[in-house]
Amino acid sequence: MKEEELTQFATQFLRTNFHIDLTIPIVRNNRLRSSYGRYVMTNKQHPVRIEVAGKTLDYGTEEAIKGIIKHECIHYALHMQGQSMRDGHPVFEKTLRKHNAPSTNTMKIGLFYLFRCETCARTYETNRKQISKTPKKYRTKCCNGKITIMETRKYDGKHFSKVSHSFTC
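FYI, the UniProt record's numbering numbers position 49 of the sequence shown as 49, with every residue one higher than the one before it.
Keep in mind that the hints were calculated from the coordinates and are not lab data. Treat the hints with caution; some may be incorrect.
[To be verified] With a straight-line Cα cutoff of 16 Å, these simulated EDC-like cross-link-like pairs (lysine to aspartate or glutamate) come out: (1) Lys70 x Glu5; (2) Lys94 x Glu118; (3) Lys70 x Glu93; (4) Lys141 x Glu151; (5) Lys2 x Glu63; (6) Lys154 x Glu63; (7) Lys133 x Glu151; (8) Lys129 x Glu151; (9) Lys162 x Glu151; (10) Lys44 x Asp58; (11) Lys70 x Glu125; (12) Lys55 x Glu3; (13) Lys146 x Glu118; (14) Lys136 x Glu118; (15) Lys154 x Glu62; (16) Lys66 x Glu3; (17) Lys2 x Asp58.
[To be verified] Here are the in silico distance ranges between beta carbons for each label pair: (18) Thr123 x Arg28: 14 to 24 Å; (19) Lys137 x Pro25: 37 to 47 Å; (20) Cys142 x His46: 30 to 40 Å; (21) Thr148 x His89: 37 to 47 Å; (22) Gly88 x Ala121: 23 to 33 Å; (23) Gly82 x Val40: 10 to 20 Å; (24) Pro47 x Glu4: 13 to 23 Å; (25) Asn30 x Gly88: 20 to 30 Å; (26) Val27 x Asp87: 12 to 22 Å; (27) Thr16 x Lys137: 12 to 22 Å; (28) Gly88 x Thr11: 36 to 46 Å; (29) Met41 x Lys136: 42 to 52 Å; (30) Thr11 x Tyr124: 36 to 46 Å; (31) Cys142 x Val27: 19 to 29 Å.
Since we're looking at a predicted model, the values are computed, not measured. Beta carbons are placed, not taken as given, at the ideal position from N, Cα and C, and that holds for glycine.
Can you build the whole structure from these sequences, using the hints too?
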């Protein structure tokens, strides 16, 4: 989804559910790694923008992206109404559930790599691309065995789907 589509969706969501207008832009931020989006304010608590991670826009499904936009819009709406907008606060979490928006750290977005220990045959999952490129440099945590990459998966919001077939390096 493009930034204009995100802004249009957010504006409609805020008008329908909170009866307020979106006065800040929604922008892509390729530097966000550990979060999928964030609501940015100044030191004096004035809203500046909503940022969405580039990884989210590249690999996330439309449903996942809309969920993230809903989450950040709820931060914005509660802040504009003077209510607590912090993650984990009961008012915020209740509002998330009411509007069917995801809570913090409840989604997986992007590519995930499934690998197997050659010694004990345990399987592991990681999102670290470097392990898939050079598996000979890495060992498992279970028995310090060598690893074999089994497959690459992409999360579609509900299920994993294979990106490539099994391969070895």
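Okay, the hints, checked on the actual structure:
For the hint pairing Lys70 with Glu5, the CA-to-CA distance comes to about 13 Å; that is within 16 Å, so the pair holds. For a cut-off of 16 Å, the pair hint linking Lys94 to Glu118 is broken: about 46 Å separates their Cα positions. Only pairs whose Cα atoms come within 16 Å are accepted, and Lys70 paired with Glu93 is accepted, the gap being roughly 12 Å. Taken as a hint, the Lys141 and Glu151 pair is broken in the structure, with Cα atoms around 19 Å apart against an allowance of 16 Å.
Of the pairs offered as hints, the one joining Lys2 and Glu63 holds, with about 14 Å between alpha carbons and a cut-off of 16 Å not exceeded. Annotation: proposed proximity of Lys154 to Glu63 holds, straight-line Cα distance about 15 Å (limit 16 Å). Using a Cα cut-off of 16 Å, the hinted pair Lys133 and Glu151 holds, with the two alpha carbons roughly 12 Å apart. A C-alpha spacing of about 12 Å is found between Lys129 and Glu151, which places the hinted pair at or below 16 Å, so the restraint holds.
A threshold of 16 Å between alpha carbons decides the hint, and for Lys162 with Glu151 the separation of about 7 Å falls inside it, so the pair holds. Only pairs whose Cα atoms come within 16 Å are accepted, and Lys44 paired with Asp58 is rejected, the gap being roughly 33 Å. The suggested pairing of Lys70 with Glu125 is violated, with an alpha-carbon distance near 29 Å, which exceeds 16 Å. For the suggested pair Lys55 and Glu3, the alpha carbons sit about 14 Å apart, so the restraint of at most 16 Å is met.
Taking the CA atoms of Lys146 and Glu118, the gap is near 6 Å; set against the 16 Å cutoff, the hint holds. Annotation: proposed proximity of Lys136 to Glu118 holds, straight-line Cα distance about 12 Å (limit 16 Å). About 14 Å separates the Cα atoms of Lys154 and Glu62, which keeps this hinted pair within 16 Å; it holds. With a C-alpha separation of about 12 Å, the suggested pairing of Lys66 with Glu3 holds against the 16 Å cut-off.
For the suggested pair Lys2 and Asp58, the alpha carbons sit about 10 Å apart, so the restraint of at most 16 Å is met. The hint said 14 to 24 Å for the Cβ distance between Thr123 and Arg28, and at roughly 34 Å that hint is violated. At about 42 Å, the CB distance of Lys137 to Pro25 agrees with the hint of 37 to 47 Å. The beta-carbon spacing between Cys142 and His46, approximately 50 Å, falls outside the hinted interval of 30 to 40 Å.
Take Thr148 and His89: their Cβ atoms lie about 45 Å apart, and the range 37 to 47 Å holds. Judged by the Cβ atoms, the range 23 to 33 Å given for Gly88 and Ala121 is violated: they are separated by roughly 39 Å. Take Gly82 and Val40: their Cβ atoms lie about 19 Å apart, and the range 10 to 20 Å holds. Range check, Pro47 to Glu4: about 19 Å between beta-carbon atoms, so the 13 to 23 Å window is met.
For the hinted restraint 20 to 30 Å between Asn30 and Gly88, the CB-CB distance of approximately 27 Å keeps it satisfied. Val27 and Asp87 have their C-beta atoms about 21 Å apart, which keeps the hinted 12 to 22 Å range intact. For Thr16 and Lys137, the Cβ-Cβ distance of about 51 Å falls outside the hinted range of 12 to 22 Å, so the restraint is violated. Restraint check, Gly88 to Thr11: a C-beta distance of roughly 27 Å breaks the suggested window 36 to 46 Å.
Separation of Met41 from Lys136 is about 46 Å and conforms to the stated range, judged on CB atoms against 42 to 52 Å. Distance hint check for Thr11 and Tyr124: the Cβ-Cβ separation is about 42 Å, which falls inside the suggested range of 36 to 46 Å. Under the hint 19 to 29 Å, the C-beta atoms of Cys142 and Val27, about 42 Å apart, miss the expected range.
Figure legend: structure checked against the earlier numbered hints; hints not met, in rising order: 2, 4, 10, 11, 18, 20, 22, 27, 28, 31.
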